[in-house]
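Model the full structure from these sequences, guided by the hints.
Listed below are the residues making up each chain.
2 protein chains.
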Amino acid sequence: AEGSRWEGYSDLPCLYLFVCICSSMSRTVKKCFIDLVTGLQPLNSLKSDEAASGPKQGPTFQDGQRRVDYVLTYHVQKPQSVRRKTSRFADYRILRSLRRSLSMMRSGDTPPSKEDPEIAAHKHRLDYHEDDKRFCQTEFEDNLREMGLELEKDEGNKIPGIGFLKIHAPWNVLCREAEFMKLKMPTKKVCDVVERINLFIHKVTAPLHPKVEPNRPQNVKHLSHPFSREKQHLKFDLLKMTFTGITSLLGNGVYTAAYPLHDMLFYPLLSRQILYEEWASYSVFYKYQPIGLIRKYFGEKIGLYFAWLGVYTQMLIPAAIVGVIVFLYGCATVDNDIPSMEICDPRNNITMCPLCDRACSYWKLKTACGTARASHLFDNPATVFFSIFMALWAAMFMEHWKRRQMRLNYIWDLTGFEEEEDHHRAEYEIQVMQKTLKKQDMSPKVVKVFLLLSPLQVGVTFAVVFGVILYRISIRAALHMSSNPTARSNIRATVKGTAAVINLVIIIVMDEVYGAVARWLTLLEVPKTDKSFEERLIIKTFVLKFANAFSPIVYLAFFRGRMVGRPGDYVYVIGSYRMEECAHAGCLMELCIQLCITMLGKQLIQNNLFEIGIPKIKKLIRRRKSDMDSQQQQDYNMTLQRHEKDHFLGPFVGLSPEYMEMIIQFGMVTLFVASFPLAPLFALLNNIIEIRLDAKKFVTEVRRPIAARAKDIGIWYNLLRGLSKVAVIVNAFVISFTSDFIPRLVYQYMYSPDGSMHGFVNHTLSYFNVSDFQTGTAPLQPMHLGYEVQICRYKDYRETPWSNTPYDLSKEFWAILACRLAFVIVFQNVVMLMSDFVDWLIPDIPKDISLQIHKEKILMVELFMKEEEGKKLLRDNHTNQSPFQPRSRPASHTPSNC
Amino acid sequence: AEGSRWEGYSDLPCLYLFVCICSSMSRTVKKCFIDLVTGLQPLNSLKSDEAASGPKQGPTFQDGQRRVDYVLTYHVQKPQSVRRKTSRFADYRILRSLRRSLSMMRSGDTPPSKEDPEIAAHKHRLDYHEDDKRFCQTEFEDNLREMGLELEKDEGNKIPGIGFLKIHAPWNVLCREAEFMKLKMPTKKVCDVVERINLFIHKVTAPLHPKVEPNRPQNVKHLSHPFSREKQHLKFDLLKMTFTGITSLLGNGVYTAAYPLHDMLFYPLLSRQILYEEWASYSVFYKYQPIGLIRKYFGEKIGLYFAWLGVYTQMLIPAAIVGVIVFLYGCATVDNDIPSMEICDPRNNITMCPLCDRACSYWKLKTACGTARASHLFDNPATVFFSIFMALWAAMFMEHWKRRQMRLNYIWDLTGFEEEEDHHRAEYEIQVMQKTLKKQDMSPKVVKVFLLLSPLQVGVTFAVVFGVILYRISIRAALHMSSNPTARSNIRATVKGTAAVINLVIIIVMDEVYGAVARWLTLLEVPKTDKSFEERLIIKTFVLKFANAFSPIVYLAFFRGRMVGRPGDYVYVIGSYRMEECAHAGCLMELCIQLCITMLGKQLIQNNLFEIGIPKIKKLIRRRKSDMDSQQQQDYNMTLQRHEKDHFLGPFVGLSPEYMEMIIQFGMVTLFVASFPLAPLFALLNNIIEIRLDAKKFVTEVRRPIAARAKDIGIWYNLLRGLSKVAVIVNAFVISFTSDFIPRLVYQYMYSPDGSMHGFVNHTLSYFNVSDFQTGTAPLQPMHLGYEVQICRYKDYRETPWSNTPYDLSKEFWAILACRLAFVIVFQNVVMLMSDFVDWLIPDIPKDISLQIHKEKILMVELFMKEEEGKKLLRDNHTNQSPFQPRSRPASHTPSNC
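Same order as they appear, the protein sequences are chains A and B.
In terms of UniProt numbering, the numbers along the first sequence are unbroken and rise by one, the last being 898.
In terms of UniProt numbering, the numbers along the second sequence are unbroken and rise by one, the last being 898.
Each hint should be verified, as a subset may be incorrect.
[Said to hold, decoys possible] Per label pair, the in silico range of CB-to-CB distance: (1) Arg519/A / Asn829/B: 27 to 33 angstroms; (2) Leu874/A / Tyr282/B: 44 to 50 angstroms; (3) Ile791/B / Ala359/A: 50 to 56 angstroms; (4) Gly759/A / Tyr751/B: 54 to 60 angstroms; (5) Thr205/B / Leu873/A: 31 to 37 angstroms; (6) Val653/B / Phe558/A: 53 to 59 angstroms.
[Claimed, not checked] Here are the computed lysine-lysine pairs in the BS3-like style, where the Cα-Cα straight-line distance is at most 25 angstroms: (7) Lys711/A / Lys855/B; (8) Lys402/A / Lys448/A; (9) Lys531/B / Lys855/A; (10) Lys711/B / Lys697/B; (11) Lys847/B / Lys528/A; (12) Lys855/A / Lys855/B; (13) Lys811/B / Lys528/A; (14) Lys725/A / Lys725/B; (15) Lys847/A / Lys855/B; (16) Lys296/A / Lys645/A; (17) Lys855/B / Lys531/A; (18) Lys301/A / Lys697/A.
[To be verified] A short list of chain A residues far from chain B (calculated; beta carbon distances all over 12 angstroms): (19) Arg134; (20) Pro318; (21) Val543; (22) Ile614; (23) Arg709; (24) Met757; (25) His758; (26) Phe813; (27) Trp814; (28) Leu821; (29) Leu833.
Honestly, the hints are just simulated from the structure, not real lab data.
In this text, a Cβ means the ideal position worked out from N, Cα and C, and glycines have one as well.
In structure tokens, the structure reads:
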């Protein structure tokens, strides 16, 4: 999938891409080597390959000595005709002129003033051919050899049709490059990171820590010299200015895959084995993750993802506990809830108006007893507290993560590291080349498509909702056959459940569709750099997937049962479909069910099916192609070498899907937490599994990704921040409009005769005179309940039939609406203020880290001062005729020498 | 005032302070010298003093050669008895032991385990004496001389009782210190900052630019070497670790003042003269400020203030224009405004209920015609647009400033500069010493005091409001004497105006009081560092002054006329004072008058009186002390030297008052802009004067401040940000609750029979049956209007006397309330979203600057590469037995060499 972006470009001229790579590819590869071989460790702690005397543990070249550091794969050609052999020289000339024009372009930052006629002539016949690929390969390999790298080819020994180019970086080369790149060298100074109190905490939580690196003291940090760091950045600047070339060659089919090799598995003390045992196993689910080792093996970017996931999961623990307490509070108080008692009380013989035209008849309010009791579980004053709690929790989480990130930055020595600037994407360069011909910009088009897509999405959502409505209506017809009330209520529950399941299935299917759409749109846009490509893709995917996941929930929370009209004046859509109505206190219940099923189902299906199942099937299919039975397969596997085994693993597709999944979950946890306090618990349970599942995937299922540096989680942080802001207003609306919290309060303090909740149910129901039914809408079986109904009740605040303005919205309606809105304003502003306060209260940099940084600075200054002092002394001795008295300076300028 | 913080400490032992200063003072002074003498310019572009052959232009020592770089003043003692001469040795011993205990404290970061008995014994008898001062001075001066500085004393030649210590830093010392501190050296490389298009813009706007540095090209920027920058920071770290000592000596009275010298005035081509002509003059009010020169002369901190003030003023221009257009729209549509037409129409013979008990009588609505028409000017749909515009304007302003700051940081080469860490305040150190004895922490006490102060403030506000109410009541009594309606309405307007003026006077008086209170509270708190002292002081001052300035406005906007009750059931406070009522559409009008008078008055009085008047008076008094008449004075002035002239100038009191004034103004402009669209215009006019006024003050009225570096405007930015956030919600409430915007909309779309505004006035008035008056509250003159009144009207939405629930809040009230609240929610969230969008849309770093930074980076890399290449070549030649083939690297690695 890393290469799949490239699929559309496989017919583009290799030569052009090659130009880009010639000067740059080498460095990119070099950087990978150094990162990989040294495992991000200081070079001088490694032993030279040549010097090591023991047997080689890693995969090696045929001689059993030289280690394989990186692998490129390609399709092996059949010995073909030399049809285009003569064209090679011509191609080389094109290459030269292209290179020339390209360098002109770059140096001047302007398009070439006039086109090279040679290129123009060849432009249309540069179709991509096997020979060209081979030529590219040869050229590229020569380049690598020139750099001092050692190559070995392994063509079609085991896996037919695939050739491997194994690359080894000799110790000399590494040293030279490391020296040239001034990799950060640790100085002799070390300082204690862990204080005494921390040591105690460490002791107590010892069983929670994974058993990693037992001999290496964790509390010693090498003090690295910022000057070499500064120089290193300058080198990186150099690297940045060149392109990343490997993706170009991959996308073009010159090579089919490029990956560094995994460690051996089932070989003790190797990082991968430790990760496998102490991280990628369900049996250690209660332990912290070995973030340091993850970072060492996979690089900072993946390390940060798992660190973030860990912090999120850890933070979910208190949220889940409070959520469960809130839910239990609901359970405990359900028997004391006066409104549901009133509903369930058979003495309150309230006759309700029919829920649908003609087919439905009048019904007794007490049949809604179960729903009323159930909805109390999620709709009680504790949920208001809980949603405030969760808003603050979200703010705390963001702060906590900022601090954790800061700490990791410090421990991983990234404090001085600046995000590398962007490489121009090769696609963009190509498009620029083509655009000079076509003179068109796709960007506004994409915006248009994206805007057009929104109504489409609304349409899809409507279709889903409408589908579910149709489903319900058909079920209701079936319901009508039976006259047993318990069977009816059972069926009603079933309907709600199955409708939610249908929604879920549609969500999951559309999720994949939207993912593809976002990718397509972003490709169409041709962003300038890799970073902007990634960001735009993420934003588009986020918008589409988020809308997809949340539209049914938003419908249930805010629109369902709002625009139904009233008995005698119902709102009809598309002919004669009456808008759906909620049963008494029913919408919240359905919202809960929907949230519950979406969360559980999405997580279970997406985790199990997509993350475990499909990769396994893919692997199986890939192996099936080789037509062997299981025993043969196993034997065959035994003979495979590391690079061949890794070839059968799935490619690394980036972290975006993992982050996306978590962000959507974060949305579920924060956005509608007011209606479903168990959401954090569900999320917690899922994440405990998710961490180990992802770990297993990274350790055993996919090829080893190239280590990438990163200082933060990038755009995901902004999305999280945005979500936690939106959550405040959404929760305010859920509490005030979806739940009965405000009407209850208003009744208690404004209308209740005795200040209690008694009479609340009666207060929420309006009167309807059955003679006011529109013709053809009155129930067919008016005597269904056994008596003739004159006045039926419905849930709304409207005037009585016998008032001056019958069925108008009553004063109570407006009063309650005003209170609901006032609550939204108060809630939003208070919670925002509290969040800002939390934000301001918790410093972004942990105290101990800032102290450490300060201490290191002092040490650095001391070192530097001594150095300067030496220089100065030397100079002073040299020039004794200095016109002023040299003043002696103390060697150390710390205040203690005051 | 810089020294006034110290007043409370003048009886503390000098010796202790001296310890702190001995090791640190020298460096602080050194830094000042270098900053001042080099004028923040690269050293190597300066000529040596010794080398300059022409006559000295600046103030010099007696020999006419050595320039005076810095001046310390002190009281000259009369030749006194040698009473305490013998105690000097004892004091020296105390000094030693204090020094010892202090160094113990610092090195261990813990209080000394046991006290030196010697100190304890002396602690209480160390009263501060002239002899001690003299001893301190001698010691300090010796220290300065040891550093290589040259001193000259000038005692009581012209100004009796005051001695001057003139300090000269010889060229050698400067060079040595500069070398030691590795001041940033410009390299030879320069790059074009200004593009061609900018040059064009520059040409067009040429008359707007001040005539500064005509010969020096503005588009050349020196590329400074980041390595020396890095090292420089290390040096600054060293400096930071020591204390700033000069304030200690000043506070203690050892010296009475310390200031660098101004340039000569009326001497062409000197910076001060250019500033005086091209900046500190009203005649150049339309020109840009010479920010570069301001920064060169006063340092970055003051430069940033004026840059900020300039950006703010510039941004006010569009706001003022739109505001005037909105106001003119109100003027143009006032004749078409149906509600005010209805009020003014004599055919609508509406009798209103009396506005006060007994004394007042019924009145005709058409007497409120003038107010209604006037309030239309500020209350029309355009103001809604304007407040949205101003919210976005505030967001734009913040973004614009961020960009400007970034640009200045780049031009002033501060991009690599990190904010210096804090010095511990000497007061704090002293308090720590004392606390080890007293064992008490003031901090919680201060919080308590501050919290106690809040109710006090509320009390003061109430007192103000109440005073104004009493004032009104007394005037109303006078009003009653006259029966001429025009006289009445004139008097009513006068009452409003005079009440606002009274408020204004109280605000201004309390402003000073609160400033002193904030300072006192912060001193009580003893913050740890200078920076935290400043921040805490600013926050406290801001809270108090802001509440002071805005409480009458908030009262008028949101509370006035809200809780009046209704006829027959008025709300009474403190016995029999009826809460104030607004005339029809009157509250908004009064709010406008209050805002107008506060803005104009505060600015005029504070600017003219406090900023010009009082310093002039002070100066006058200071001169009067010397008992000379005007001619003598002038003659005397002629003979004064630069350092003596500067001594007569006021001390520099920091930028806080200037910023505070502007922040309060920003609050006025953004917070209540919905009710007063002319606020930006007033602010603009004020600021145009303010800039030049401040400029004049800095150039001619106060001593030259010590140049201070700063990267940003610090906490003021956060306060601005907070204000612009609060502004959104305040404007939402003003529009929906203070103005009649929502009731009009609701009437038009819900109640109006023909969809027009006709009948709106009638709709807003409820009916009252005069027989329902409480006993003793009915008007004494019921026949005042000439007929008997049965039913009078009042402005509220209540049920009619003949309904089932007379005088209850009506359905319309609740409907309108709901709409008002809904508007607040929609307005707040839409505007917040739009602000965030603006924030996101405008990049923080201007495109050209980020490009420039990138280009510089490439240049740096090139330079560095060449350097490295040289080193490598040297090394390679040295060790020819290298085990691998040295690969040749191109000298330049820019992509153009691809």
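Practice problem: Verify the proposed pairing of Lys811/B with Lys528/A, using a straight-line Cα cut of 25 angstroms. | Solution: 59 angstroms, violated
Quiz item: Minimum Cβ separation between Leu833/A and chain B greater than 12 angstroms?
Solution: Given that some Cβ of chain B is not farther than 12 angstroms from that of Leu833/A, nearest at about 10 angstroms, it is violated.
Quiz item: Could one say that the CB atoms of Thr205/B and Leu873/A fall in the range 31 to 37 angstroms?
Solution: 55 angstroms, violated
Exercise. Just double-check Pro318/A for me: nearest Cβ-Cβ distance to chain B has to come out over 12 angstroms.
Key: 29 angstroms, holds
Quiz item: With d taken as the least Cβ-Cβ distance between Arg709/A and chain B, does d exceed 12 angstroms?
Solution: Since the minimum Cβ distance to chain B is about 18 angstroms, Arg709/A lies beyond 12 angstroms and the statement holds.
Quiz item: Keeping to a limit of 25 angstroms between CA atoms, is the pair of Lys531/B and Lys855/A held or broken?
Solution: 20 angstroms, holds
Quiz item: So the hint says 27 to 33 angstroms: do the beta-carbon atoms of Arg519/A and Asn829/B match that?
Solution: Holds: the Cβ-Cβ distance is about 32 angstroms, inside 27 to 33 angstroms.
Practice problem: Assess, step by step, whether the Cα of Lys296/A is no farther than 25 angstroms from the Cα of Lys645/A, and give holds or violated. | Solution: Roughly 22 angstroms between the alpha carbons, so the hint for Lys296/A and Lys645/A holds.
Quiz item: Would the pair Lys301/A and Lys697/A pass a check requiring their Cα atoms to be no farther apart than 25 angstroms?
Solution: At roughly 16 angstroms apart (the allowed maximum being 25 angstroms), Lys697/A and Lys301/A satisfy the hint.
Quiz item: Is Trp814/A truly not at the interface, in the sense that its beta carbon sits beyond 12 angstroms from all beta carbons of chain B?
Solution: Nearest chain B Cβ is 3 angstroms from Trp814/A, so the label is violated.
Self-check item: Given hint Lys697/B paired with Lys711/B - CA-CA distance at most 25 angstroms
Solution: 24 angstroms, holds
Quiz item: Holds or violated: are the alpha carbons of Lys855/A and Lys855/B at most 25 angstroms from each other?
Solution: Not satisfied, since the Cα-Cα distance of roughly 34 angstroms exceeds 25 angstroms.
In this structure, the hints that do not hold are numbers 2, 4, 5, 8, 12, 13, 15, 26, 27, 28, 29, in rising order.
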